[in-house]
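For chain A, the structure is supplied; the task is to place chains B and C on it using the hints.
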Amino acid sequence: MTQPLLAIEDVVVQVDRDGNMSNAVDGVTLAIESGSCLGLVGESGCGKSLTLKSIIGLLPRGSQAAGGRISFSGKLEDEDISEGRTLRGRGVAMVFQEPMSALNPVMTVGDQIAEGLRQGGKVHGRRDSRKRVVELMDEVGIPNPQQRADSWPHEMSGGMAQRVMIAMALATDPLLLLADEPTTALDVTIQDQILGLLDDLRRDRNLSIILVSHDLAVVRQVADQVAVMYAGRVVEIGDADQVLLHPQHPYTAGLLLSTPSLDYEGTRLRPIEGLPPPPDEYPKGCRFAPRCPHSLPKCAEAPYVLEEIMPGRATACIRWFELEVKT
Amino acid sequence: MATPVAEGRALTRTRTRLGRKVNKKSERRAFIIGGAIVGAYILAALLAPVIAPFDPNKQDLFNALQAPGGEHLLGTDSVGRDTFSRLIYAGRVDLPVAVIAALLPFIIGTVIGSVAGYAGGVGDSILMRIADSVQAFPIYVLLLVLVFAFGQGATSFILAATLVSWVAYARLIRGEIIRAKQLPYVMAAKTAGLPHSRIIVRHILPNTIGRSIVYAMSDIVLLILALASLSFLGVGIPAPTAEWGRMIAESQIYLRSHWWLLVAPGLAIVVLGIGLSFLGDALDQRTRR
Amino acid sequence: MRRFRFVLGRLLQTVPVLFVVLLLVFALLHLAPGDPARTLAGLKATEESVEAIREEMGLNEPLIVQYGTYVGNVFRGDLGESTVSSKPVTTIVRQRLPVTLWLLAGGAIVGTTFALLLAGLAARRPDTWIDHIVRGISTVGLGMPVFWVGLMLILLVALPTGWFPVGGFPDGLAEQVRAMVLPSLTLGFALAPVQIRALRSSLAQVYDSDYTMAARSIGVSETRLLWRHLLRNAALPAVTVLAVQMGSLLFGAVVVEATFALPGLGQGLVQSVSRRDFPMVQGVTLISAVLVLTAHLLADAAYAALDPRVEV
Chain A
1 MTQPLLAIED VVVQVDRDGN MSNAVDGVTL AIESGSCLGL VGESGCGKSL TLKSIIGLLP
61 RGSQAAGGRI SFSGKLEDED ISEGRTLRGR GVAMVFQEPM SALNPVMTVG DQIAEGLRQG
121 GKVHGRRDSR KRVVELMDEV GIPNPQQRAD SWPHEMSGGM AQRVMIAMAL ATDPLLLLAD
181 EPTTALDVTI QDQILGLLDD LRRDRNLSII LVSHDLAVVR QVADQVAVMY AGRVVEIGDA
241 DQVLLHPQHP YTAGLLLSTP SLDYEGTRLR PIEGLPPPPD EYPKGCRFAP RCPHSLPKCA
301 EAPYVLEEIM PGRATACIRW FELEVKT
Chain B
1 MATPVAEGRA LTRTRTRLGR KVNKKSERRA FIIGGAIVGA YILAALLAPV IAPFDPNKQD
61 LFNALQAPGG EHLLGTDSVG RDTFSRLIYA GRVDLPVAVI AALLPFIIGT VIGSVAGYAG
121 GVGDSILMRI ADSVQAFPIY VLLLVLVFAF GQGATSFILA ATLVSWVAYA RLIRGEIIRA
181 KQLPYVMAAK TAGLPHSRII VRHILPNTIG RSIVYAMSDI VLLILALASL SFLGVGIPAP
241 TAEWGRMIAE SQIYLRSHWW LLVAPGLAIV VLGIGLSFLG DALDQRTRR
Chain C
1 MRRFRFVLGR LLQTVPVLFV VLLLVFALLH LAPGDPARTL AGLKATEESV EAIREEMGLN
61 EPLIVQYGTY VGNVFRGDLG ESTVSSKPVT TIVRQRLPVT LWLLAGGAIV GTTFALLLAG
121 LAARRPDTWI DHIVRGISTV GLGMPVFWVG LMLILLVALP TGWFPVGGFP DGLAEQVRAM
181 VLPSLTLGFA LAPVQIRALR SSLAQVYDSD YTMAARSIGV SETRLLWRHL LRNAALPAVT
241 VLAVQMGSLL FGAVVVEATF ALPGLGQGLV QSVSRRDFPM VQGVTLISAV LVLTAHLLAD
301 AAYAALDPRV EV
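Going down the list, the sequences are from chains A, B and C. Just so we're aligned: the first sequence equals residues 1 to 327 in the working numbering. Just so we're aligned: the second sequence equals residues 1 to 289 in the working numbering. Just so we're aligned: the third sequence equals residues 1 to 312 in the working numbering.
For the record, the hints were derived by calculation from the structure and aren't laboratory data. Hints are all accurate, no fakes.
Which residues of chain C face chain B? A partial, calculated answer using Cβ under 10 angstroms:
id, residue
1, V166
2, L269
3, Q282
Computed footprint of chain C on chain A; a stretch qualifies when at least three of its residues, placed anywhere within it, have a C-beta under 8 angstroms from a C-beta of chain C:
id, stretch
4, 94 to 102
5, 160 to 173
Here are the in silico distance ranges between beta carbons for each label pair:
id, chain 1, residue 1, chain 2, residue 2, range
6, B, I126, C, H30, 21 to 31 angstroms
7, B, I126, C, L63, 19 to 29 angstroms
8, B, R256, A, M21, 52 to 62 angstroms
9, C, R124, B, G39, 35 to 45 angstroms
10, B, A119, A, G274, 47 to 57 angstroms
In this text, a Cβ means the ideal position worked out from N, Cα and C, and glycines have one as well.
With the rest of the complex left out, here is chain A (with noise of 0.2 angstroms):
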C-alpha cells in the first residue's frame, strides 16, 4: 500500500455523561488514500460522527480528544490527535448534515464562500475573489451564479443550501471532504444529486472523501471503501463491495437485513434486537454480543482485536471463520 493521505490511529473521544466521562469513541483507526472515499457506517451514538469531527478539531462542548495520533500526507506526522486544528483550511473542510443550520443567515452565501477563499491565501482583491466565488458555485451546479452569490441563505433551498456548504468547503482547496451525514436532511431526490455532486469532485479534483451516515443505501453508492462502527469502535472494514455484500461482522449482517431499498429482494426486514448502549455502558468483551444472535458465553470476554482476515479486508468477530453470516 502506499503512504495514505489521512490516518488516524486509536483515536479516543469522551463525552460528559452526568460528570464522568466515558469514552465514545474508544481505540478507532482509519487511513484513507487520495481520491477515494470511506464511508463510515453504524447506527446513532455509534461515535462516528465524534471520529470525524475529532479529525477536524470540532469536537461538540462536553467532549474531548483524549487519545490518538494522526498524520496527514505532508502538514502533520504522527501527531496529538488534539491539534487537529491546525488542519483546518489546510487540506481539510467538513460539510454538514443541515445545510440550512450550517450557513450563517446573515451573510450572502458568495460572501461566505469568499470566506473560505481567504484561509488559502491565493486569492487577491475583492474582484479576483468575486470571479473565484462564481467559478466555484458554478462547479457545484449552482445556476445563476453570478445573481445566486448575492442570495441569502433563507432564500436558498435545502440542496441548494448544500452546494454552497459544498462550495465553501472547496474553497479552501481541500485534499480531504468530511461529509457527516450530507444527505440526510435532504429530499430523496436531492440526496441523489448531491451524491453525484460528491462523487464527481473527487474524480475531477482527486478529493479524497469520509462519509458518515446512517444510511448503507447512501455510502454503497459512492464509497469505496466501507468501516463499520459499533459502540465506539470499527467491528468491520473493508472494501465496499466486499463488507456490503458478504458482511463479516454479525452487527453489519443485522444492519443490511434492517435496510430497506438494497438489493435483497423478497427478504423481510429484521431489525437488530435490542438498543446500541450509550458510552458509560459499554459491556465487557465484544461490545455486540448482548444483541448478537449469534453470540457464545465467550463472545463476553473476547478482546477486541480487528483481525485483518484477508488484504484489506478485517473484522472483530471472533467467530468470523465458523459463521456463514446470512443477509
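Relative to chain A, chains B and C alone:
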C-alpha cells in the same frame, strides 16, 4: 431496533444533559443565597421594634452626624437619628410597598389577560391596542407623572405601578393561554363540558403562571429601585418616614464628610436586590424545566 | 427600496399611537386632583382672579374642546408656557434636550460596549468561572440603584482624583465632555446588566450554532469569527433590548441628571413636578414618549438593516 436517528441528536442530548446538571447545582445555590438574604430582610422588618436599638424618628441634635461605631452602630444623621434603626424600619416601607406594587398588577393583569386570551375576539383586540399604547410610554417617567398627579406617598406609587405594569402580566398570560388553548388536555376539558372559568383556573393557569411569577420577582427588584429613586428625587415616600432612597437623598450634601450616611442605605438596597435577583433566577431556571 | 418602504410603514403605524399618547398625557393631568389655575394664582388669590386665570387658560371649556385645542397647539409646535418661568415650554425643552440626548447616547454607548465585552467573554466559555463572574456582575448590577452608583462614582472617583466635576454642566466642549464622563458611566452601568443578560444568552447560542462550526471548519480565526461572522447575529437582540429599555434608560437619565445636577429634561421634569408646573410636565412627558417611539422606530430600522430575513 435499528432505526437510525441523526447522529447530531445524540450529541445535543449529551450537551443539554451536561448543561442541566450544572444548572441544577447553581439553581440550588442561588435559591439558598437568595432565600437567606430575603428571609433576613423580612425578619428584620417584622421584628424591627425588637431589633432596632433606637426610635428611628427620634431626633437628638447633640449627637448629630456621629461616625459609625460606639453607641450608634452605623452612626447618626444630620438631626441625630440612628442610621441602623432607620435602615431596619425602612424595610417596613420598601418591602411591603414593592410587594403590593408587584402583586396588584400581577393579579389584575392575570385576570384581564386570561379572560382576553381565552375569549379572544373584539375585546381582546381592544385590550391589545390599549396595551400597545401604555407600553409605548416611557413607563417610569409615567410613574413620576402619576405620582405627580395623585400626590406623594405609598398609595400613589402602588397605584401608578399598577396602572403601568398590569400590561406586562396581561400580555404574558394572554400569550400563554392562547398557546395552552391548543393543548390536548385543555381541549379534553372543553369537550368534557367543564365551565370556562373552571378550565382557566384549574387547568390552564397552574401550567402557565410560572413565567408571570418569575417576572414578578424581577419586577419587585425594579420596583424597590424605582421607589428609592423617586424618594431620592423627592417625589416618593414623604418625610419623615425612614426609606432607603430618601435617607440617601437627605445625606447627599454630606457625601464629602460623612460618606457612610450614603453608603449604608445604598448597600441595604443592593444586598436586597441581589437576594431577590438570585431568588428570581432560581425560580426562572425551575420553571424552564 | 423595500427596506425604505418597511420603515415608512412603521412610521405610519406610530401615528395613531402618538394620538393615544397625547390623549393620555392630556387626560392624566386634567383628571388629576389639583387645580392648575389656583396653583398659578398663588395661595392668597381671590376667587375672582382664579376664575379669570381659569378662563384665560381655557379650563372652563368642555374637556373634548380642551383636548382638541391641545392637540392643535402641539402640532403647531406650541406646548404652552411654563407656569413657573412664563417661558414657552418649547424654548425650555430646546435648552434642556441636548444635555439629555448627550447623556442617553453616552449611557447607551458605555453600557453596550461594556456588555459586549463581558458577554463576549462569558459566551465563549459557558459555565466556566469567567461566565459565573460575568453573571454575578449582572446580578449585582441589576440590584444597584442608579443614583447610588452615581454618588459612589463621585465619592470614589471624582473627589479623590479631581479629574471630573461632581456636577453641573459648564460651557465649552472639552469641559462638557469631562462633565459627561461620570454621568455616562453611571447610566451605562444601569443599562449594562440587562444588556449582558440578553447578549450572553444570544452569543452563547450563536457560538453553539452549526454555522459557527461551519465557519471554524474552513479555518476562520476566532477573532474574525466574532467580528465578521457572529457580531451581527448577536447585535440583533442588543438592538431590541436597547429599544425596549429606552423607557428605563430615560428614567435613568432623569435620576442621573438629578444626581449630577445636569440641567437636562429630566431635571426639568422633576422640578416641574414638585412645583406643579402643568404645561412643563405635559410637554416633557410628551417629548419623552416621542423619544421612546423614535427609539423603537430606529430599532426596527436597524433590525431591517441587520437581518435579511425581516419580513419587508
